[in-house]
Amino acid sequence: MAKILAVDDSASMRGMVAFTLRGAGHEVTEAENGQLALDVARGGSFDLVLADVNMPVLDGIAMVREMRAMDSYKGVPILMLTTESHTDKKMEGKAAGATGWLVKPFDPEQLLATVKRVLG
Amino acid sequence: MVNAALAQFQQVFIEESLEGLDTMESSLLALDDGGDAELVHTIFRAAHSIKGGAATFGFPEMSSFTHEAESLLDEVRGGKRAIDGGIVELLLRTVDCLRGMFARARAGEPLNDAVAEGLRGELAAAMGRGAAAGGVQARREVDQADAWTIRFRPHPGMLAGGNDPLRLIRELAGLGELAVTAELDRLPALDRLDPAECHLGWTIELAGPAKRADIAAVFDWVEGECELAIEPKHVVAAAAAASAAPAAAPVADVAAARAQRETSAESSTVRVAIDKIDGLINLVGELVITQSMLDTFRDGVDASRLALLEQGLAQLARHTRELQESVMGIRMLPIASVFNRFPRMVRDISQKLGKQVRLELVGEHTELDKTVLEKIGDPLVHLVRNAIDHGLELPAQRRAAGKGDTGTLRLEASHRGGNIVVEVSDDGAGLNREAIVAKAVQRGLIASGEGLGDEAVADLIFQPGFSTAAVTTDLSGRGVGMDVVRRNVADLGGSVTIRSTSGKGSVFTITLPLTLAIIDGLTAAVGEERYIVPLVSIVESIQLQREAIRTVVGGGELFRFRGDYLPVIRLHELFGCPDAVRAIDEGLLIVVEGEGARVGLFVDGLIGQQQAVVKSLEANYRRVSGVSGATILADGSVALIVDVAGMVRMQSRRKVA
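In order, the protein sequences belong to chains B and G. The opening residue of the first sequence carries number 1 in the working numbering; numbering runs sequentially from there. The opening residue of the second sequence carries number 121 in the working numbering; numbering runs sequentially from there.
Don't read these hints as lab results, they were simulated from the structure. Model, not experiment: these values are computed from the prediction. Honestly, I wouldn't trust all of these hints.
With a cut-off of at most 16 Å between alpha-carbon atoms, the simulated EDC-like pairs for lysine to aspartate or glutamate come out as follows [claimed, not checked]:
(1) B:Lys89 - G:Asp340
(2) B:Lys104 - G:Glu303
(3) B:Lys74 - G:Asp314
(4) B:Lys3 - B:Asp59
(5) B:Lys89 - B:Asp59
(6) G:Lys624 - G:Asp574
(7) G:Lys559 - G:Glu570
(8) B:Lys74 - B:Asp47
(9) G:Lys331 - G:Asp266
(10) B:Lys3 - B:Glu30
(11) B:Lys74 - G:Asp284
(12) G:Lys353 - G:Asp314
(13) G:Lys396 - G:Glu442
(14) G:Lys396 - G:Glu343
(15) B:Lys116 - G:Glu291
(16) B:Lys116 - B:Asp47
(17) G:Lys331 - G:Asp284
(18) B:Lys89 - G:Glu343
(19) B:Lys116 - G:Glu209
(20) B:Lys89 - G:Asp314
(21) G:Lys331 - G:Glu442
(22) B:Lys74 - G:Asp755
(23) B:Lys116 - B:Glu30
(24) G:Lys472 - G:Glu209
(25) G:Lys523 - G:Glu513
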């Protein structure tokens, strides 16, 4: 099972993501903004990062950009959790180095299916 | 679809959203006062979180409603629209409306109402367009075929985004049988090969009926990072592009509503800071160590180890006290959650009345028991409304009185001894002594104002049915109020007092106990019975000579105390205790104060001071006047806790009768 870093400033959203993934046997570490996620990422290794876009302190897009600059996170899949259904945020995320996105609202099954899809 | 995870986090979502709305509100108010651009981001983030969460946690109506507000905020954020008073006003009403939606979500009621519908239109109008489109955009036409040829050629940098071509090809395999051919034509020479880049391309033959959209979805994340061509090999007769999606929506609504009902009613959870819990765990750890140390005395104590035993018992006492304080601390929440509603309220009321008010909040981090916190809101709202409505003057009147146009209203919370003190003060006109006395005489509360001290006059406004406002407004009500404020505060074991200076303003002081669960009290003996008198209400304990007591008509006894005559309440008479001391000079008078009046409680004597855990009499027996609860003493016997305010009320009723 995979080690996953879940980043979201909303405790309910982060909690649901973490709960769902743990239920599927994954090891989940939570962070409540991009800056904390970077700190956690530096201290460990993850197979997948799931990050919200809009967060205080450091937003998801800036976080992806900084994470991609770290050697150990060059090829790690990073998914953006986004409510924007229009493409500009997705593209902004892609340009920063995100692997893909998961559009809110999502249900637990869809989350697991997407994670499975990324982890192969 | 509702499942366990959803229901579990729905509550968390509601709570954090209500906090988000508070943030939105205070930021909007700050913005109105000329705040900076960062505030717009804060407001946007809060709206955005609610929108995203609402859709995920089963509140689609709320999500689409918030979407309108978010779009408006997005334009402000992007500099496409200047923020003005009108937009702030509109967004403030949106915040109110969302609060209502969350309340209905908790109660399991339908979320939308006329207000929400109206606001949705206004938000859309503010965006310069008609009602929300709402519908799903037309998707690209559904194309179906029995077999496809897919040419997929990643750009060299695609791997850096974490997308592995192998994964995509595997995913395609889920749609049908694949025949994959690698294209090697762009492969550079070995010495120039960068392992982090992708130079391969693939031609994939997919056999089996599949939709173009399903195939395109596999490559969704690499759009713009690859060359992609999806071509049908055998075209199937164009399938009707029927959109069956909308039919599923109502079912989801019903399910979501049911889920809400299951988790309805007021929240009875407390959010606790992690360091408080860590502190508790730490204390329990120490308690365990002390316990195991004391356990070594199980086989008996000999003189040589007596000092150790004493030390252990002292530790146990300390840990128990600390543990008690920490556990009480879990119920303690900052008063900020109550204070935060006032900026908005003060703004609305002062605008309505044409007054200029500057609100100062001090000591917002002062912590109160959760129960006290929930019940102190209404009395405070009343005091604040009164202060703006009756206390603070109109700008012209202020100028005439030599004051600045803007009045100051100050809310201050602080710890004072074992109490929490909340003060509501204004620099308005102060209480109008003549008007109060005139009204009180008219109401038959007093015969005349002669000889009444300022304190006694101020106290008149707490009488039921008292109102002096020449014109009653829709804000401060119609004279129902101050008596209710005093009663509500008294129910919390607290008191309200006023200090007022004509022309300078008034200060309302609410004194509250730190917690309702434990009180500090003096244990008094009355015959065989023990009574606890709350320490906060005790003024002094005195022993009197027989001659100091005056008996008045009707059998009441009075004694002189600091220039006043106070009534004596003999607890042994009130509670019918046999074998109690009857002679005044053999017992003790405890002078207590409640609701601004003093009485002397006559008891046999004092036993000592102790903390009492309050057990409700109402919950276990029934309400008894003069008694606020019971507690269990160290020897296992039960002692009643004296309700001082109740006794004062009983005494004044007797006086009237």
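Where does the structure disagree with the numbered hints, that is, which hint numbers, in rising order?
-> 2, 4, 12, 14, 17, 19, 20, 21, 22 and 23
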